[in-house]
Structure formats: C-alpha cells, structure tokens
Amino acid sequence: MGIAGNLTPEQLDFFNTNGYLVLESFSSPEEVREMRDRMAELLDGFDGSIASIFSTKNQQHTDDYFFESAEKISFFFEEKAFGEDGHLKQPKELSINKVGHALHEIDPIFKKFTSSDKISGMLYSLDYKRPVVIQSMYIFKQPGIGGEVVPHQDNSFLYTEPPSCTGLWLALEDATITNGCLWAIPRSHKNGLRRRFIRDENGVHFDHPSPSYDDKEFVPVEVKEGSLVVIHGDLIHQSFENKSPNSRHALSLHVVDTDGHVWAKDNWIQRKVEPEPLYACRC
1 MGIAGNLTPE QLDFFNTNGY LVLESFSSPE EVREMRDRMA ELLDGFDGSI
51 ASIFSTKNQQ HTDDYFFESA EKISFFFEEK AFGEDGHLKQ PKELSINKVG
101 HALHEIDPIF KKFTSSDKIS GMLYSLDYKR PVVIQSMYIF KQPGIGGEVV
151 PHQDNSFLYT EPPSCTGLWL ALEDATITNG CLWAIPRSHK NGLRRRFIRD
201 ENGVHFDHPS PSYDDKEFVP VEVKEGSLVV IHGDLIHQSF ENKSPNSRHA
251 LSLHVVDTDG HVWAKDNWIQ RKVEPEPLYA CRC
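In full-length UniProt numbering, the protein residues as written are 1 to 283.
Treat the hints as calculated values from the structure; they're not laboratory data. Any given hint might turn out to be false.
Keeping only pairs whose Cα atoms sit at most 25 Å apart, straight-line, the calculated DSS-like set for lysine-lysine is [as the list claims (entries may be wrong)]:
id : residue 1 : residue 2
1  : Lys129    : Lys243
2  : Lys98     : Lys80
3  : Lys92     : Lys80
4  : Lys118    : Lys129
5  : Lys243    : Lys92
6  : Lys129    : Lys89
7  : Lys98     : Lys72
8  : Lys112    : Lys272
9  : Lys243    : Lys216
10 : Lys111    : Lys224
11 : Lys129    : Lys112
12 : Lys111    : Lys89
13 : Lys243    : Lys89
14 : Lys111    : Lys98
15 : Lys80     : Lys129
16 : Lys243    : Lys224
17 : Lys98     : Lys224
18 : Lys72     : Lys216
19 : Lys265    : Lys224
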C-alpha cells in the first residue's frame, strides 16, 4: 500500500484527549501560495450571475445550486455582501463566503494537496481504512463582512453509521482572534453527537433544536499560515464574524471512512457518483 502513519504518539494522545490537534507548518509557503493563486484564477473566471448566499444561521437550503455543489465547484456569497438595491457592495473577490464542495475532485491544484502522502499518512495514523474526502471548501472570511459560523459538530452534516467524520482545516493565512479564528470546546467530542442535519422532500433541516453552550468553555485556536487543524467529528467548534480589515483564508476538507461505515442516505450530500478513496488498507 505504501502508506505510513505520520502522527506521533504524543500528537495522537492530544487529539484523542481534546478532540483537535494543530500541526504547524503542515503546508509550505509555496504550497499555500499555489492554492491561493489558483483560487484567485477561479474567482476571476466566475461571472457572479449564478451563485447563492451562504449562512450558518439560516441553513434551510432547498435550491438545486446548493445541492448540486456536492459534485461541482460552486460559489457562495457572504450574507452582508449585498446592498439594499440587491447589488454587491464591493468587488466579487471580497464578497464570496466560500467555494465548494468538490474542489478536491475537479481542480488539479486542490486535488494534489488532498491526495498527498502527508494527508494519507495522517489519516492512516487516525486508523482510517478506506477514507474519502466527501467535501472541500475554500473559506474566505472576508474583511469586515466575514460571517459567523455558529457552534456545530461536523458529524451532524456528514454522518456515517458509525460516525467517522474528521475535519481538516488548513490555514492559508494567519488565523487570529481578531480576524475570526476557530474556537473549540476541548474534550466536547467525548459527549457524542447532539443532532443531525437531515435532507428530505422538504429540503434540509436539523432533527433537534440547537443546544446552548457556555461561551466560557470555548478556547481560541490561533494558528499561523500553513498550519493544519485536525478536528474530531463530534468536537463542538465555531468561528466569529471577521470585523477586522484582514481576511482569513482557509481550506477545509471533511473525510469519512467507507470501510465498515455506511453513508447515511438522508445526508445533505447525495452524490450521483461514488467518490474515490484516498487509499484502501489491506492490513
């Protein structure tokens, strides 16, 4: 198979204890620049006439553009990008919330990072047998209007039986408290999954109301450009609005196992073509 685990026992212990792990300098400055430059090219070619607005506060999407983005490269605007006249208040490259959800499959630059040995080695360390990247997102967290991402668990949206989702969050710029870094409740993954995000004939919705959380339990996860944050699927995490003059670009991948785990048919992602695994362990 040629895959070897690359996390140390100390790193695995921290992850298993706290539900997240920061891997500093996971990507080189050259690799980060390549992905940022490629996204600038994609944005330049985007005409802005067909897109959607993304919000984590109101997630009752029912439009085909959102659903079909699972196997495409689609563009989603910030909630505050538009004025009362319905037009963008600033250039499109400063108005996009995210691009997703199949960058890792369609675009060669993002596919190269996703299928790299260092990604596979890390997943092998986490005991993935047949991992697939089920979605990818380039998140901009725009200056002044970068939207809040409310507290959530990744397993809510990308559910397998048994649960197997892990989030991989690569900082493409420094992420600080000022510009909207991640915040997490350490060890919250030990309490299990609180609710699920369901897709049915009426669109999408949660099966239970949002739990309430004590803000004092969250800790900031400030990281430098090139750092990777590994996030357990049951970890409660969030990010606040970016009210600073500096953006906070990041690449987010979500991985699930397909060996001994069944993809839930009522997940929001309902693919027409099965994703290819990063590797298949025969151990």
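message: Could you work out which of the previously given hints the structure breaks and list their numbers from low to high?
response: 1, 6, 12, 15, 18 and 19
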